[in-house]
Amino acid sequence: MALGLRLEDVKSHLEKAIRARSKRKVVQEFVKWLFGNVLTSENVAEAFQLKLDLTEVLRVNCHLDSPVIQPLAKLAFRLYWREIEDVVCNVDRVHSLLLKVFPEHSSIFSSKDGVEYLNVQCQKLYDYLYSYTWS
Amino acid sequence: MDELTYIFISALANAVCMGVALYIGFRKGVERAVDLVLDRLQQRYMENEKMREFTGSAVELFRNLNELVRSGEVKSLIADVSVLVRQLSTPPRKRTVKTMSSE
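Just so you know, the protein sequences line up as chains A and B, in that order. Residue 13 is where the first sequence starts when you use this note's numbering, and the numbers rise one by one after that. Residue 494 is where the second sequence starts when you use this note's numbering, and the numbers rise one by one after that.
Hints listed in this document are in silico derivations from the structure and should not be mistaken for laboratory results. Keep in mind that a hint or two might mislead.
What the hints assert, rightly or not - No more than 25 Å apart at the CA atoms, straight line, and that leaves these computed lysine-lysine pairs for DSS-like:
no.: 1; chain 1: A; residue 1: K136; chain 2: B; residue 2: K568
no.: 2; chain 1: B; residue 1: K587; chain 2: A; residue 2: K112
no.: 3; chain 1: A; residue 1: K63; chain 2: B; residue 2: K591
no.: 4; chain 1: A; residue 1: K86; chain 2: A; residue 2: K112
no.: 5; chain 1: A; residue 1: K44; chain 2: B; residue 2: K568
no.: 6; chain 1: B; residue 1: K587; chain 2: A; residue 2: K136
no.: 7; chain 1: A; residue 1: K35; chain 2: B; residue 2: K591
no.: 8; chain 1: A; residue 1: K35; chain 2: B; residue 2: K587
no.: 9; chain 1: B; residue 1: K568; chain 2: A; residue 2: K124
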């Protein structure tokens with residue numbers, strides 16, 4: 013799934029997050045940007061229906077393997093690690109957030125398959141982010 | 494900021510921190526040495542206007558640094574930096590992901 017994120021945009025967002033003084037403001041802006049510009053109703057529904065690997069989607073679209081992005085991303089993730097964990101480690105929270113932003117897909121998100129998919133994806137994403145950030 | 498710049502800035506920041514730490518450690522001796530060097534610099538470059546300006550700024554910088562060290566502000570800055578470095582370099586314990594019941 014291509015989200016159309018340019019390397020330059022990812023880089024500038026990471027730099028902004030590293031330089032920012034208020035963590036809270038950065039997190040709010042990030043959530044706003046993620047749900048306003050990156051994730052659309054269609055691609056979220058597509059991810060659930062096709063059971064896409066969200067870790068892979070994140071890795072490819074955010075250019076996390078790029079030598080330009082890697083040092084910045086590691087530093088930003090370390091700075092915001094508590095905030096990242098608070099969301100990724102709490103599937104209930106991710107589920108509520110998705111329901112709030114995309115209420116039209118509540119039946120997909122709350123189905124047995126949807127919940128199982130979300131559980132697996134959060135676990136995978138957390139494992140990936142932990143080893144990416146701290147190794 | 495490309496990777497090279499990032500590495501360069503990290504190395505520079507490390508060098509500055511080490512320099513300041515050494516400066517605190519050997520303050521008395523360094524203070525005297527800095528004074529002597531600055532005096533010499535001022536005498537030597539007094540004739541050249543540009544160099545006089547530059548030397549003046551350098552002297553001002555060292556004197557300010559000296560003041561900072563005396564007031565203890567640099568110590569608290571270094572303490573803050575070391576706390577941040579420790580936080581960023583120590584991996585936290587891995588958490589358990591709280592899953593949701595699918596029933």
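Hints, verified against the model:
Proximity of K136 of chain A to K568 of chain B is assessed by CA-CA distance (about 42 Å); at most 25 Å being required, the pair is judged violated. Proximity of K587 of chain B to K112 of chain A is assessed by CA-CA distance (about 28 Å); at most 25 Å being required, the pair is judged violated. Note on K63 of chain A and K591 of chain B: the hinted pairing holds, with a Cα-Cα distance of about 20 Å set against a maximum of 25 Å. A threshold of 25 Å between alpha carbons decides the hint, and for K86 of chain A with K112 of chain A the separation of about 29 Å lies outside it, so the pair is violated.
For a cut-off of 25 Å, the pair hint linking K44 of chain A to K568 of chain B is broken: about 39 Å separates their Cα positions. Restraint check for K587 of chain B and K136 of chain A: the C-alpha separation of about 13 Å stays at or below 25 Å, so the hint holds. Restraint check for K35 of chain A and K591 of chain B: satisfied, since their Cα atoms lie roughly 24 Å apart, inside the 25 Å limit. Distance restraint check for K35 of chain A and K587 of chain B: the Cα-Cα separation of roughly 22 Å lies within the 25 Å cut-off, and the hinted pair is therefore satisfied.
At roughly 57 Å between alpha-carbon atoms, K568 of chain B and K124 of chain A are farther apart than 25 Å, so this suggested pair is violated.
Of the hints listed earlier, those the structure fails to meet are numbers 1, 2, 4, 5, 9, in rising order.
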